[in-house]
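**Q** Quick note: the sequence shown uses the working numbering, first residue 1, plus one each step.
I should point out that these hints are in silico values taken from the structure, not numbers from a laboratory.
Glycine included, every Cβ here is placed at the ideal spot set by N, Cα and C.
Where hints are given, some of them may not hold.
[Said to hold, decoys possible] If you anchor each label on the Cβ, the simulated ranges turn out as follows:
#1 Phe4 x Pro29: 18 to 28 Å
#2 Ala56 x Arg18: 18 to 28 Å
#3 Pro58 x Val23: 14 to 24 Å
#4 Pro58 x Gly25: 13 to 23 Å
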Amino acid sequence: MDMFMPEMDGPEATRLIRRHIDVQGRPQPRVIAMTANALEGAREACLAAGMDDYLAKPVRLQDLLAMLAKWFTVSQSHPV
Numbered sequence: 001m002d003m004f005m006p007e008m009d010g011p012e013a014t015r016l017i018r019r020h021i022d023v024q025g026r027p028q029p030r031v032i033a034m035t036a037n038a039l040e041g042a043r044e045a046c047l048a049a050g051m052d053d054y055l056a057k058p059v060r061l062q063d064l065l066a067m068l069a070k071w072f073t074v075s076q077s078h079p080v
């Protein structure tokens, strides 16, 4: 999830996704922030908004792969 988007920022989008999925009673998707904001407190703001984790841009391939391995396994995969 990008933190800064034209129509809606990442925290707001995450909150809306979480509420919508709760109403449907479906499993929550994983939301990982990807942002150029590496300032102190950025990670905490992402987590407070309901995101599961945080990656600072520029993202290195090894960091992205590690993050995906942390949160996803083949057995947990389901359509989004």
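**Q** Hints broken by the structure, by number, lowest first?
**A** 3, 4
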